[in-house]
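> Top line first, the protein sequences correspond to chains A and B. If you count the first sequence from 1, position 118 lands on 117 in numbering that gives the first Met the number 0, and the numbers rise without skipping. If you count the second sequence from 1, position 122 lands on 121 in numbering that gives the first Met the number 0, and the numbers rise without skipping.
No wet-lab data here; the hints were simulated from the structure. Ideal Cβ placement from N, Cα and C applies to all residues, glycine included. Some clues are possibly wrong.
Restraint-style ranges between C-beta atoms, simulated for each label pair [to be verified]:
1. A/Glu187 / B/Ala217: 53 to 59 Å
2. A/Thr232 / B/Gln52: 50 to 56 Å
3. A/Lys188 / B/Val47: 24 to 30 Å
4. A/Thr8 / B/Lys154: 43 to 49 Å
5. A/Asn168 / B/Leu87: 43 to 49 Å
6. A/Ser233 / B/Phe10: 33 to 39 Å
Only pairs whose alpha carbons sit at most 27 Å apart, straight line, appear in this in silico BS3-like list of lysine-lysine [stated by the list, open to error]:
7. A/Lys98 / A/Lys70
8. B/Lys70 / B/Lys188
9. B/Lys154 / A/Lys159
10. B/Lys131 / B/Lys1
11. B/Lys1 / B/Lys66
12. B/Lys131 / B/Lys142
13. B/Lys159 / A/Lys154
14. A/Lys1 / A/Lys154
15. B/Lys159 / B/Lys98
16. B/Lys159 / A/Lys159
17. B/Lys131 / A/Lys159
18. A/Lys1 / A/Lys66
19. A/Lys131 / A/Lys142
20. A/Lys188 / B/Lys188
21. A/Lys70 / A/Lys188
Here is what each chain is made of, one letter per residue.
Protein chains: 2
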Amino acid sequence: MKELHNRYTFFVYPQEIDGNEQLRLSPLESYLLNAAGLAAEENGFGAVEMIRQGITWVLSQLSIEMKRLPKQYESFEIETWVEDYGRLLTTRHFVVYDKQGEEMGAACSQWALIDIESRRPVNLQSRPDLVKFATGENGHIEKPQRIGALTDAQKVGQHKVSYSDIDYNNHTNSMKYVEWMLDTYPLEKLYQHRIRRFDINYLREALYGEEVYIYRSASGEGDEIDIRNTEGTSLCKAHIQFE
Amino acid sequence: MKELHNRYTFFVYPQEIDGNEQLRLSPLESYLLNAAGLAAEENGFGAVEMIRQGITWVLSQLSIEMKRLPKQYESFEIETWVEDYGRLLTTRHFVVYDKQGEEMGAACSQWALIDIESRRPVNLQSRPDLVKFATGENGHIEKPQRIGALTDAQKVGQHKVSYSDIDYNNHTNSMKYVEWMLDTYPLEKLYQHRIRRFDINYLREALYGEEVYIYRSASGEGDEIDIRNTEGTSLCKAHIQFE
Numbered sequence: 000m001k002e003l004h005n006r007y008t009f010f011v012y013p014q015e016i017d018g019n020e021q022l023r024l025s026p027l028e029s030y031l032l033n034a035a036g037l038a039a040e041e042n043g044f045g046a047v048e049m050i051r052q053g054i055t056w057v058l059s060q061l062s063i064e065m066k067r068l069p070k071q072y073e074s075f076e077i078e079t080w081v082e083d084y085g086r087l088l089t090t091r092h093f094v095v096y097d098k099q100g101e102e103m104g105a106a107c108s109q110w111a112l113i114d115i116e117s118r119r120p121v122n123l124q125s126r127p128d129l130v131k132f133a134t135g136e137n138g139h140i141e142k143p144q145r146i147g148a149l150t151d152a153q154k155v156g157q158h159k160v161s162y163s164d165i166d167y168n169n170h171t172n173s174m175k176y177v178e179w180m181l182d183t184y185p186l187e188k189l190y191q192h193r194i195r196r197f198d199i200n201y202l203r204e205a206l207y208g209e210e211v212y213i214y215r216s217a218s219g220e221g222d223e224i225d226i227r228n229t230e231g232t233s234l235c236k237a238h239i240q241f242e
Numbered sequence: 000m001k002e003l004h005n006r007y008t009f010f011v012y013p014q015e016i017d018g019n020e021q022l023r024l025s026p027l028e029s030y031l032l033n034a035a036g037l038a039a040e041e042n043g044f045g046a047v048e049m050i051r052q053g054i055t056w057v058l059s060q061l062s063i064e065m066k067r068l069p070k071q072y073e074s075f076e077i078e079t080w081v082e083d084y085g086r087l088l089t090t091r092h093f094v095v096y097d098k099q100g101e102e103m104g105a106a107c108s109q110w111a112l113i114d115i116e117s118r119r120p121v122n123l124q125s126r127p128d129l130v131k132f133a134t135g136e137n138g139h140i141e142k143p144q145r146i147g148a149l150t151d152a153q154k155v156g157q158h159k160v161s162y163s164d165i166d167y168n169n170h171t172n173s174m175k176y177v178e179w180m181l182d183t184y185p186l187e188k189l190y191q192h193r194i195r196r197f198d199i200n201y202l203r204e205a206l207y208g209e210e211v212y213i214y215r216s217a218s219g220e221g222d223e224i225d226i227r228n229t230e231g232t233s234l235c236k237a238h239i240q241f242e
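Just chain A, same shape as in the assembly (with noise of 0.2 Å):
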């Protein structure tokens, strides 16, 4: 492994798998998150120490492209590493290994530092402590792309924000948006169309007791998926390439 890489080992467990016996997009981004996490952690720019300085770390974009998604009880590895430190996001790569070394798909996520009372960045390049964590290394996929405004969207479902989709800080847990969009297709489309590439754009949290909306349009290449609240504001946004 490279210098400033960190890897990760996670296993399958019965309950993240779908009827194709395969990861679900939502506990694979839970994973990557995950990585993401202990790997701040290892280097002292983990969430708990963040907090204690009054800033939190906000997932602004990601991009998922698998080959293969693990199966049931297999395990696998998550390397990952930061790329740079623009003044507003920085960038972390992810690579997915199984058990023999294959790469089995990548994923590249940006990321902001907020002040938790403000709600304003933080200068990233202004934080040495950060910054030598810089490898300058590419990832292995393309980074998130930036989703537009939707056209002809049409509403396909709606959820009430519930105890068990937030976190600590009564904020919806990322994966949570990705479980919202994907609830709302036939199985069949899902079981016989393999997600080929995911982007998703975290634009403004969705709070707890929020009713959001769902909204669909298929008139690209792939589908747009874009999760609004009752005043039609944009929390959510993703494009997704079936195979």
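With chain A's structure known, arrange chain B on it following the hints.
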């Protein structure tokens, strides 16, 4: 560790905690079931081997009593063993320990083994490969209680079974019922009143696409909850004792 006991280490990730920064009940159940699954696997009667034989384990009842819940990024251990095999049900116990070896709580589960085709139960006493793992040892808490018909139950929620709720055979994951139940409470209730004991009876599985209704009654000591399908049939019942 005693003979025929198995012990596994787990770790609490940020998305598994609630506003008290403690592990939620649903991921705790998940860890208990994963410990049971790993122990069964290690002893030659895991899910995969059973399915190869045309049979499958079904969780019938579970009770949980926690004195303290693991916190974010805390690792903890689950020790598990089988007490006995009746004709229809086997009893498996759990004790949860923190890193210092202090007991955090305990759980008790009862399982049936059914034929996948006929859905009929297998006589567990006719299986020497299982019976040899019976220790005859009691658990640290009482066995799950059987929950009767609810009196004065009020409908407090509903849910449509979706892709993210189901496992490889389109049946609802056991922990999901717990989520649907707890999601009917106001946050303040869950944050201010610790769950002292939780008993759950799994009666019939909620299937993909099914609409379920959550009923609750506070007539006795603690709350009783019943998840029913559109025909009013009970799928899952629980008894919650808050502190």
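> For each hint, tell me whether it holds in the structure or not.
Structure-based check of all given hints:
At roughly 42 Å, the beta carbons of A/Glu187 and B/Ala217 sit outside the given window of 53 to 59 Å. Take A/Thr232 and B/Gln52: their Cβ atoms lie about 53 Å apart, and the range 50 to 56 Å holds. For A/Lys188 paired with B/Val47, a C-beta distance near 27 Å keeps the hint of 24 to 30 Å intact. A beta carbon spacing of about 45 Å between A/Thr8 and B/Lys154 agrees with the range 43 to 49 Å that was offered as a hint.
Judged by the Cβ atoms, the range 43 to 49 Å given for A/Asn168 and B/Leu87 holds: they are separated by roughly 45 Å. Checking the proposed 33 to 39 Å range against A/Ser233 and B/Phe10 shows it holds: the Cβ atoms sit about 34 Å from each other. Distance check on the hinted pair: A/Lys98 and A/Lys70 sit about 12 Å apart at the alpha-carbon level, within 27 Å; holds. For the proposed pair B/Lys70 and B/Lys188, the alpha carbon gap of about 19 Å is at most 27 Å, so the pair holds.
Taking the CA atoms of B/Lys154 and A/Lys159, the gap is near 17 Å; set against the 27 Å cutoff, the hint holds. With a C-alpha separation of about 15 Å, the suggested pair B/Lys131 and B/Lys1 falls inside the 27 Å cut-off, and the hint holds. Between the alpha carbons of B/Lys1 and B/Lys66 the distance comes to roughly 23 Å, so the proposed pair stays at or under 27 Å and holds. The suggested pairing of B/Lys131 with B/Lys142 holds, with an alpha-carbon distance near 21 Å, which does not exceed 27 Å.
With a C-alpha separation of about 17 Å, the suggested pairing of B/Lys159 with A/Lys154 holds against the 27 Å cut-off. Restraint check for A/Lys1 and A/Lys154: the C-alpha separation of about 46 Å exceeds 27 Å, so the hint is violated. Proximity of B/Lys159 to B/Lys98 is assessed by CA-CA distance (about 39 Å); at most 27 Å being required, the pair is judged violated. Taken as a hint, the B/Lys159 and A/Lys159 pair is honoured in the structure, with Cα atoms around 13 Å apart against an allowance of 27 Å.
Restraint check: the Cα-Cα separation between B/Lys131 and A/Lys159 comes to about 48 Å, which exceeds 27 Å; the hinted pair is violated. Restraint check for A/Lys1 and A/Lys66: satisfied, since their Cα atoms lie roughly 23 Å apart, inside the 27 Å limit. Distance restraint check for A/Lys131 and A/Lys142: the Cα-Cα separation of roughly 21 Å lies within the 27 Å cut-off, and the hinted pair is therefore satisfied. Taken as a hint, the A/Lys188 and B/Lys188 pair is broken in the structure, with Cα atoms around 39 Å apart against an allowance of 27 Å.
Taking the CA atoms of A/Lys70 and A/Lys188, the gap is near 19 Å; set against the 27 Å cutoff, the hint holds.
When each numbered hint is compared with the structure, violations occur for hints 1, 14, 15, 17 and 20.
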